[in-house]
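Peer 1: For reference, the chains in residue letters:
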Amino acid sequence: MPKYMFVYRGGHEDMEHSSPEQMQQVMQMWMDWIQGGVEAGWMVDGGDALKPGGAIVNSDLSITDGPFAESKELVGGYSMVEAPDLAAAIEIAKGSPMPKSGGTVEVRELPNLGKQE
Amino acid sequence: MAKFMFLQRGGCESPPEMTPEQMEAGMKAWMDWVNNGTEEGWLLDPGSPLSGTGALVKPDLTVIDGPFTESKELVGGYSIVEAADLAEACELAKQTMKLAGGGKIEVREFAVFDQ
Amino acid sequence: MKPATNQLVEHFFRHESANLVAVLTRAFGIRRINLVEDMVQVAMLEAMHAWKQRGVPENPAAWIHRVAKNRILDYLRREKTYEKAITLSGQSIDEQESIVDQWLEEEQLPDSLLRMIFVCCHPSLERKTQIALTLKTLCGFGISEIARGLLLPNETVKKRIQRAKNSLAESNVRIELPSADQLTQRLDVVHDVLYLMFNEGYSTSHGTEPIRDDICEEAARLCYLLCESPFSAPTTKALLALLLFHAARFDARTDEAGTIILLEDQDRSKWDHRLICAAQSWLAKSKSDQPTTFHLEAAIAMQHCIAPSVEETNWDTIVILYSRLLQLRESPIYTLNRAIAVGQAGHTREAMAQLQSLQNHEEMKHYLLLDCALARMYELDGNTAKAIDSYLIALPKAVAPHEKEVLEKKLRKLTE
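Just so you know, the sequences run in chain order A, B and C. One rule links them: number in the working numbering = place in the first sequence (from 1) + 11. One rule links them: number in the working numbering = place in the second sequence (from 1) + 3. One rule links them: number in the working numbering = place in the third sequence (from 1) + 3.
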């Protein structure tokens, strides 16, 4: 079955003003979704969140700052799921906590490199 | 030690014409990189390229269909490495860049860390 | 790092952020409370992001403590304020760090929390400010949660809390426990704050927002913390008993639609008998030669809680208890409740006379419950027409929609 990488961007915009209780609720929503996917079998790897900031290595091997935390395009995290096709993967993405918190999910297929699983 | 993700961006829009020999050399270089990194312990997951097909699910649940071949910022692949800090991770990314031969690599630390 | 579980204890973030604010403010001083709160918020956010996909680490509290402590130390070092801070406190960085670590140990936490209770209930602050500050600092509530719970605009709550912090910082209030000669006086303030905080959450005139139950729970939690400390007085235990007797009747207070159910109509099997037992045992431990209003109110609450029905309630004892309350403190509310008990004990005419004399009382003129009590007495007396009249007088005094609902329900029942 093809594997898809979910690339999470944006969302949780106003979290710095949220209360500890709200943070716990958001976290629980994520953990429940991932747990549900693991049990149902389509969640291959719940993945991780990435810290904002970092560095860019350019093709001339120079290093620049970025990406910037304010950017809406900033990749905030990823997960790996398994689905029969792109349409099914999109349906899974719609059920993720990301859209609910105002962010986007980019669904990207991992090419089958002929590796034996 | 901290975990970092390499996000390869751009660079693969129009793959240059390559002879089978060049392709084989390229493949070998990547495999050496994987073997090396795995042996030395810093390569936690060689990752994968990502195909151009895909979709974007927006907050209102509308879907924009790929492929997204136009974007220079498109994530074309990822790997996961371990390094002492961001600077060391960047050094590892430079090696990777020599193999990728174009585009850029975004180096990002994982949120899970041992303080 | 293997995730130990995908489920955190309820209110983990809320309580951990409160623990951290107490310990770090104690370490770095009341003047830095805003910085402490900001850094704790950063640490909580980091925890949320780090755990939401990977799961909770084995010792989540230690993880958050470490991050928060490091964030604040990083900040102070960067600002070069650290050198100044240590000259003030006379300790080196290493010493300071290891003291913070010790204070964050589970068995040492209550000490910092208790100190913070006395800071938040500092006598120099107004009562309303003490409540808001306690909810923010010691209970880890957000501004908007406090605003919703207390039915106040966000801005008001924010300003109130900031003013309190400024005033504590200006007078450089120390994060310490009161001295022996001040203890009783300071403890009285804390009791009042916790009692009023509980009432804010419990009061039916504020609706049935779930956050209000949390406020009650927090008041009881802090009171329990105090009871378990060497600083508790018999009054503290009586207060805890009182709060628990009330809390035991939480779930029976409203129906599925959130409509208030009056004591006489409540399904008593829905009362939490474990809480009633706990309350009784605290009340037993609260014995004192000088019973306070909390002792007497708790004793009255107990009479209600142990009675199988309204009719089988020991109203005579309740009348005596209210009489003793009135000896301690004149209050038209106590008089009103005593009169109801007198009526329920079978002396309806006497009760009516007492209630009618209350009608001239300035405070009671617009008090809906007085008319309701009169109506109830007419009902007990079999005078339905008069009872309806009294409920009709009460009706326009009802402010909250659910108060109107209760009255209309009563009227419907009587006119059937």
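Since the hints were made in silico from the structure, they are not lab data. Computed from a prediction, not measured in an experiment: that's the story for all the values here. Just so it is clear, CB atoms sit at the ideal spot from N, CA and C, and this is done for glycine as well. Errors might be hidden in some of the hints.
Pair by pair, the computed Cβ-Cβ distance ranges are [unchecked claim]:
(1) B:GLU76 to C:GLU231: 52 to 60 Å
(2) A:ASP25 to C:ALA287: 45 to 53 Å
(3) B:ASP48 to C:GLU82: 15 to 23 Å
(4) A:ALA98 to C:ASN202: 30 to 38 Å
(5) C:GLU61 to B:ASP48: 21 to 29 Å
(6) C:GLU61 to A:ASP25: 29 to 37 Å
(7) C:ARG166 to A:ALA51: 50 to 58 Å
(8) A:PHE79 to B:PRO52: 24 to 32 Å
(9) C:GLN165 to A:ASP25: 45 to 53 Å
(10) B:LYS31 to A:SER70: 16 to 24 Å
(11) C:ASP191 to A:ALA51: 30 to 38 Å
(12) C:SER182 to A:ASP25: 51 to 59 Å
(13) B:GLU43 to C:LEU155: 44 to 52 Å
(14) B:GLY13 to C:GLU173: 53 to 61 Å
Stretches of chain C that chain A covers, calculated by requiring three or more beta carbons in the stretch to come under 8 Å of a beta carbon on chain A [said to hold, decoys possible]:
(15) 14 to 22
(16) 169 to 179
(17) 410 to 417
Peer 1: Take the hints in turn and mark each one as holding or not.
Peer 2: Do the hints match the structure? See the list:
| no. | hint | in the structure |
| --- | --- | --- |
| 1 | B:GLU76 to C:GLU231: 52 to 60 Å | 57 Å, holds |
| 2 | A:ASP25 to C:ALA287: 45 to 53 Å | 49 Å, holds |
| 3 | B:ASP48 to C:GLU82: 15 to 23 Å | 39 Å, violated |
| 4 | A:ALA98 to C:ASN202: 30 to 38 Å | 56 Å, violated |
| 5 | C:GLU61 to B:ASP48: 21 to 29 Å | 23 Å, holds |
| 6 | C:GLU61 to A:ASP25: 29 to 37 Å | 31 Å, holds |
| 7 | C:ARG166 to A:ALA51: 50 to 58 Å | 52 Å, holds |
| 8 | A:PHE79 to B:PRO52: 24 to 32 Å | 26 Å, holds |
| 9 | C:GLN165 to A:ASP25: 45 to 53 Å | 20 Å, violated |
| 10 | B:LYS31 to A:SER70: 16 to 24 Å | 21 Å, holds |
| 11 | C:ASP191 to A:ALA51: 30 to 38 Å | 57 Å, violated |
| 12 | C:SER182 to A:ASP25: 51 to 59 Å | 44 Å, violated |
| 13 | B:GLU43 to C:LEU155: 44 to 52 Å | 60 Å, violated |
| 14 | B:GLY13 to C:GLU173: 53 to 61 Å | 56 Å, holds |
| 15 | 14 to 22 | holds (count 6) |
| 16 | 169 to 179 | violated (count 0) |
| 17 | 410 to 417 | violated (count 0) |
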